[in-house]
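**Q** Single-letter residue listing:
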Amino acid sequence: MEKASSRLRLLALLVAMMFIALSTRLWFLQVLAVERFTDLAQDQSIRFVPVETLRGRILDANERLIVGNRMSLEVRVNRAEMGDDTEAVLQNLAEVLDVPVRRLVQKLATDRFFARQPVPVAEFVSEKVTFYIDEHPELFPPDVVEVVPTSVRAYPRERLASHSLGHVGLIEAEQFEQLQDEGYGLNDSLGRAGLEAVYEPWLRGEAGVRRYVVNADGEVIRELGVDPPVNGHDLVLAMDLKIQRIAEQELVAGLERSRSILDDDTARYLSANGGAAVVMNPNTAGIVAMASWPDFDPEWYVRGLTQEQRRYLFESRPLLSPSSNRATQFALSPGSAFKPFVTLSALRHGVASLGRAYNCPSEYTAPGDESGAIFHNAFPADFGYLSISEALKLSCDTIFYDWGWQFYNRWTSDQLGPEPFQKDLRALGFSRPTDVDLPFESRGVVYGAADAPKNPDLFFAGQWQPGGDILISIGSSYVTTTPLQLATAYSVIANGGRLCRPHLVDRIVAPDDGTVKNVRGHCRSLRYPKSWLQYIRTALTRVTSEQGGTAYLPFLGFPHSEIPVAGKTGTAERPGHQDTSWFAAMVPANDPQYVVVVMAEQGGFGAETAAPIARRIIERIYGIEPTTNIQREGTD
Amino acid sequence: MAAVAGRMWADERRPIRHVDAMLLLVVGALVIAGLFLLYSATNQTLRQDGLDPFARVERHAVTAVLGLILVILAASFDYRFLKVYAGFIYTGVVVSLVLVLIPGLGTTDPTATAQSWFEVAGFQITPSEFAKLGLIVMLATLMSELRVSAPGLPDLIRLIAVAMVPIVLVFLQPDLGSAITLAAICVGMLVVAGARPLHLGVLAVTAVVLILLAFQVGAIREYQVDRLTTLFDPENSSETARYNLEQSLIAVGSGGMFGRGYLGGSQTSLDYVPEQHTDFIFTVVGEEFGFLGATFVLGLYALLLWRAIRIAFLSKDPFGTYLAAGVASMFAIQMFVNVGMVIGIMPITGIALPFLSYGGSSMLAMSLAVGMLETVHMRRFK
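One line per chain: the protein sequences are A and B, in this order. The end of the first sequence is residue 635 by numbering that gives the first Met the number 0, with every number in the run present. The end of the second sequence is residue 381 by numbering that gives the first Met the number 0, with every number in the run present.
Derived by calculation from the structure, the hints in this document are not laboratory data. Treat the hints with care, as some may be off.
Coverage of chain B stretches by chain A, computed from C-beta distances (three or more under 8 Å per stretch; other residues unrestricted) [unchecked claim]:
# : region
1 : 155-166
2 : 185-192
3 : 284-293
4 : 307-316
5 : 325-331
6 : 342-353
Short derived list, chain B residues pointing at chain A, Cβ under 8 Å [stated by the list, open to error]:
#  : residue
7  : SER265
8  : GLN266
9  : LEU269
10 : ASP270
11 : TYR271
12 : PHE335
Quick list of simulated restraints, FRET-style, between CB atoms [what the hints assert, rightly or not]:
#  : chain 1 : residue 1 : chain 2 : residue 2 : range
13 : A       : ARG8      : B       : ARG58     : 36 to 42 Å
14 : A       : TRP26     : B       : GLY193    : 34 to 40 Å
15 : B       : GLY27     : A       : ARG8      : 51 to 57 Å
16 : A       : MET16     : B       : LEU209    : 22 to 28 Å
17 : A       : TRP26     : B       : VAL204    : 55 to 61 Å
18 : A       : ALA206    : B       : ARG58     : 35 to 41 Å
19 : B       : ARG58     : A       : PRO148    : 43 to 49 Å
20 : B       : VAL201    : A       : MET16     : 20 to 26 Å
21 : B       : VAL204    : A       : MET16     : 17 to 23 Å
C-beta: ideal position from N, C-alpha, C; glycine also.
One chain only, chain B, in its complex shape (with noise of 0.2 Å):
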């Protein structure tokens, strides 16, 4: 019986009897709402141009089938071997980014988000994207290898420098929104490992004073000034970003309660919103399904959220929680910055709202990232 028993315990706890449904359920919920935003963001252009109304849609879902295949593959793994390899992980991802900054091999169009990539076969891959995981991967080995309940000084020193690697690489992209993503990363997976409010604190002044220091030295580029000064001073920014906002704002404001109707939106059948399939895709949400559609949305996400800080606790491990963290800070802080941007609060930076946005490499880092959690979620007990 015992045998039976013992058996019984280990069929138990078999991962796979411990896969996230809810989890999956509302990241499937989002890529599919996530099509139909596409559709009607893309079609009247494409329609237009004499192309397949669907061409987006359908290369979005192709990248959605193999997210999922990403999912499987990441939880089927278990994370613990990561802490092996987060050395690698780690050093591939800088090495890919220094990679990227090299005209020929990389390619970026500073008028869109800014993000550079390589060319492969077609298809763009953008490291930056996969930096933030191998960010996660890394700093939640050395936290967990700490031996203190909390960072000293010293600790915190090197784990920020750990950080600022892929930062300052990302922002001579100049990738002002993964930079600000990796920044957010590391600062909330800080507080989980229990960092001293004075030492964030002190994190923080830093951060300011490199940042009017960029700013003075010019590594921000004109653009990003104005993009972010679009947000604090309208009437002085380019032409440009002030139409971006405006018409952002002009999308989701004339929503209204309920919505224009799915398809049934001026700016977005008009095409009046740059960038929309992209950075812009929750105006789409704001227009056509109204206040109600976008708070749906935004449940979604915090049903999301839920379920990473859930597994953050439940894992028995240090690693995973602070694997979930990572990932959790990461959703957290896309999804706030991108909404935020688009309703006004935030400023414009390129930051794609995570399974909405059209892009192949954010969804696949983004299914990565689920499956992350999966993984850490199948295999708390042992």
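Bound-form chain A, shown alone (with noise of 0.2 Å):
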């Protein structure tokens, strides 16, 4: 057995060699790689269930609700697990929900979201519809098809303010991969429009979630614990609903009036098609009202966006485009309203000074250009010497044009330095964005020579021409301002010279402890002269108050001793349409509290449409016994 013996070490040898084996992968496993392990075995083990969060309302000034929150049944349909049955599911919908089943297959037709993403096909379903649902897993098989409790906006006021609003959405495929990051879910809703957009991360609010242990199947076995979710944000605006609900209303009334006057241009009726109204706190920069015609009801945004609701949002004739802002997206050539600003920086560099008077003919010519070009004044007549104030008060063009003209002259023998006409301008917040609280902001323009080699299609000749500086003098052609861009410049003559930035948002209220931001308007001197200021809005009162001002038909028998008007009128030419009507006003004139800036789109002269919409909204903000007859008529 010697032999034996040996061979049985052997044995032992080979046995002995697999616990080294063992052994050795025992310790990599559960010593080396141990973390590794137990992060598996918790993802495994651990469930992750979110609990919705409320997003933040949106109150308005004296806190009262503008948009609230409310609970929707929605269906939702996954098309990735649908598989052959999708015909019959389809056709068992549209039966339990009663809509053609065409339409299902349009609202599934999307490559909005993933294909894996549960697509919502009807909101607001009765408790009756959802019961059905669930108790015939054999019509609905449940990974094809669920019905969420889900919270949605809430609308108490209908269509109000719904372009600064903006609306909610399912988040969108192609935006989430990068939102992925910032914890967003697949069957997460975001701001998509407006303020909902811009202040997202506020209104938002975070999660909560709920921990479970599952055992392989899936099954719950107990609850970990619960993170709460935290509310989102309140935003209270600086908006006051009733003088919100004013603009709307007297913008549409206003628009409606003017598609009865009859326009001497083009010997038809005023279009009048669409406009903005802007209400703005001058001091803080607050925006009081914001008002944009054609509108549209968010709540069309939260049942889903109906085929006809879609064409008329984004389809319609690109005159009406009810979906735009025009109050912050629309940026025409602001006409005469412009003056006021030319005025300052004339005074600013010596072109104009108060105490002189200026020739206002008929028409004007550049000295020394030879070409013929003849710019007209607004109406055929010869006023003679006229001071600032009654230049603006007649809102004499002539005047400007020269200028206009001297700005030219004057940058060409560079005695100002690289044009300080547009740089002032520009200054007072034209041509660029005012950085309001809303998205998709458009800057409008003001050019000047450093454009024409950019832009050699809009300039004779290619080159900057003293047309230019003309016609910039009397806010044509080669200048272009929102409203709100135009709100905002007033203000500064309104509120002492201060440049601030429009604001929507006033301030954001933390849901639980209350605790609030303030939105402010970060405003800073552009160092005009008091005086200056002060001027100009006397001079502007005198456009309402006195015979001969070009507003003083529109507000005729307005009370001007209690209530001082300081307004200008504007209307300017739009090529291929009616003219763009413009009206700006600070009421009270002595200490202006509000800054009222009204745009009609082919709305004619600016006292035809913008000047009585403006006037009735400050009747009614005053609570003034509103006049019923309104003259429409009066010049530039």
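Take the two lone chains, each set in its own frame, and fit them into one complex as the hints suggest.
**A** Right, dumping it as structure tokens:
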């Protein structure tokens, strides 16, 4: 057995090697890689179920509710799970929801969502329908059709401020990649436009999470704990609900009335197809009201846009464009409403001075210009020599033409450095974003010599011409502004020379402890002497209150002694369209509390459409018995 | 005095005085540990199904008691008579392996370990477990009758042919695990019998060729290939096979040095490891008792194997040596392949962990094996 024993040693050796192999591997798994496996064990045995949070509300300046939340039972369909049942499931759904199958097919045929992202096909379904779907898994496979209680936006004020508020929508496929990192899930909603989009991080809140221990079959064994959700912050607006409603009502009514005015230039009735009204507190730059027409109902988005609504919002004739906020997204030439700012720049650079008088002929030709270009006054009369105040009151173009030419002339002879005119106008906020708390703001333009090489088509011979400065001086052609930009600039005249960032939101309030974050105007002084601003305001009161003032007739009968209105009309030509009607006002003129800017597309003269709307708004803000019959005549 | 001395001598050599107590203690420790592990692995699921959480433990304990009786019976039986019955035993094993293949007589569940069994009075009897013992007895008999110190090639071929019959039959069930065990028993015993390394090498090559051939012919079922390839190519194997291995590794790995405490393992209590109470019972040790617990259990097996090989050493006749060596080979390969598959260094094949895995036939067969070791140990002087 000697040999056998040595062979048994061999067997023992083999066995020993087995133990070495096993314990080495165990050491690796249990000691060196323990963390990885512990994480894996936890990952699979703990389920996180999000607890929905309530989105922050939107309140007006007096904390009246504008946007709230309510519950909706939403039917969602998971396209990825449908497979062969597609037709049957859709047929069943159409029956229970009482909609045509075609409609469901349309809703599902969207590429806005990921393939595995459930698509909402019906909102606010009844509990009866919910039970029916739950009780018939054979008709509605649970992995395909789900009814989810979800919190959606509530709009108790209906269409009020629809453009400013914006709307909330399900996350879209293309955004998801980047938003995933910020903790958004596939079925989350987020602000898509207006305040909802800009203040998304505040409004959103923080979803809570419930942690469960689950076994291999996914059954919940016990709850581990819950992090309660943190509701979103409330937005308290500078907006006054009542004034917002006034602005919207008067804008619609004023545009409607203007459609019965015959336009002299085109021999057609005014189209008055759209407009905007902005009411701003010039001292805080808080936006008290911002109206844009045509408008829409934000509720449409909650229920999912119908085909007709989608067409109306996005495919109506470009002139209508109901989804656009005309107060911030439409930049048009302001016409004579621009003149106060031209005056400020002319005063600053010695092109004009307050003590002098200026000739106001019916026509103007730039000195030394042999091209034969003649610039006309709005009316073919010679007014003789006028003070600046009278030039503003009558809106004499020819005086401003000459200032424009002088700016050009001094620029060419380099007496004033590089384009001080454009620089001043831009400093007043034109051609740059106001940074208002709304998305997709239009910046408008103030063209200057530097723009000629970049856009040669816009300029005669591809060069900056004297006519450029001349036309800017009456707010025409080479300058465009949004109503909000104009209101911001008028606020500078109203508040003693400070340019501020306009804002809809006044403060952001935390839901739990009421902590407040104030939104400020971030004003900075533009260093215009107070006396100049005072002079312009006084001059502009003559526009509305003195005979011959361009807005005298629309303001006839207004209690000027109680509430002096400093206002300026604007009538701007727009190629291919009827004139744009503008009116900008500061009330009360001696210590302005409101700046009101009204713009009416294809509204004719400033005095025809915009001024009457502004007057009505002012009357109703101050509770003045409204004048029933406003004279809608007047000039530029 | 002489008579007295003679009696004393005879008394000294009475088998009952030479029970290997250490072997019994080690096996007892394993069985008791197994009952605790089994409770941890099964109580939650049973509770969930509204059953007695001790149901499995109780059943296993009953089998263990039956096993103890088998140990006593086998130990009191002189192993040398086995030589006489070897032919009958071997034939009986082969016949039962054939019968179990016949549908209606035998039952198989290819989703689990793929062992086939007879259903007798509510008990499942798995002939492949007992075939291991039958093969050990048959080979030990044949080897002990060789007149040469080392088997020549013809002997070798004869021995292998004898082994191949049950191996192929078991393989047809298709119980890959038992086939591997039978093959390892054969190889282990051949090593002890003194087969030449060259012959063993040729044997190995032939085995590889045969296995490849089996793949080619399709005798190896798809899920078996799956389980095997999971180890080498985890990305491409089937989902269930991959899941098995993953869950098993997570359970053992998350145990760490000291384990998560008895009944404290989430993998175990939440039922993440499939087949945990049978083939994957070692994951409970790994998860709940950590590296220390796992090495302790391995230590028990080391003691067991030490005792088995020691008995092979001590036996004065070759038959006893071969018997003990065969049993040692069987314990070793089952322990190694089972724990190895649980921790991902061996392919997943249905092999029970001796004394720990739930399963009546395995427990009874292993008990018989212990009884065989004891009878060899007790009768080592004559």
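**Q** Look at the Cβ atoms of B:VAL204 and A:MET16 and judge whether their distance stays inside 17 to 23 Å.
**A** For B:VAL204 and A:MET16 the Cβ distance comes to about 21 Å; the hint holds.
**Q** With a cut-off of 8 Å, does the beta carbon of B:LEU269 approach a beta carbon of chain A closely enough for the hint to hold?
**A** holds, 4 Å
**Q** Given a hinted range of 36 to 42 Å, is it respected by the beta-carbon distance of A:ARG8 and B:ARG58?
**A** holds, 41 Å
**Q** Per the hint of 34 to 40 Å, is the separation of the Cβ atoms of A:TRP26 and B:GLY193 within bounds?
**A** Hint holds: Cβ distance 36 Å, inside 34 to 40 Å.
**Q** Against chain A, does the region 342-353 of chain B show at least 3 residues with beta-carbon separation below 8 Å?
**A** Three-residue rule met by the region 342-353 of chain B, so holds; n is 3.
**Q** Could you see if the CB distance from B:VAL201 to A:MET16 stays within 20 to 26 Å?
**A** At roughly 22 Å between Cβ atoms, A:MET16 and B:VAL201 fall inside 20 to 26 Å, so the hint holds.
**Q** If I claimed the Cβ atoms of A:TRP26 and B:VAL204 lie 55 to 61 Å apart, would that claim hold in this structure?
**A** violated, 34 Å
**Q** Any CB of chain A closer than 8 Å to the CB of B:PHE335?
**A** Holds: closest Cβ of chain A sits about 4 Å from B:PHE335, inside 8 Å.
**Q** Within 35 to 41 Å: is that where the Cβ-Cβ distance between A:ALA206 and B:ARG58 falls?
**A** violated, 48 Å
**Q** Does the nearest C-beta of chain A fall within a distance shorter than 8 Å of the C-beta of B:TYR271?
**A** holds, 5 Å
**Q** Does the Cβ pair B:ARG58, A:PRO148 satisfy 43 to 49 Å?
**A** holds, 48 Å
**Q** Next item in the hint list is B:SER265. Is there a CB on chain A closer than 8 Å to its CB?
**A** holds, 5 Å
When the structure is compared with the earlier hints, violations turn up for hints 1, 15, 17 and 18 and for no others.
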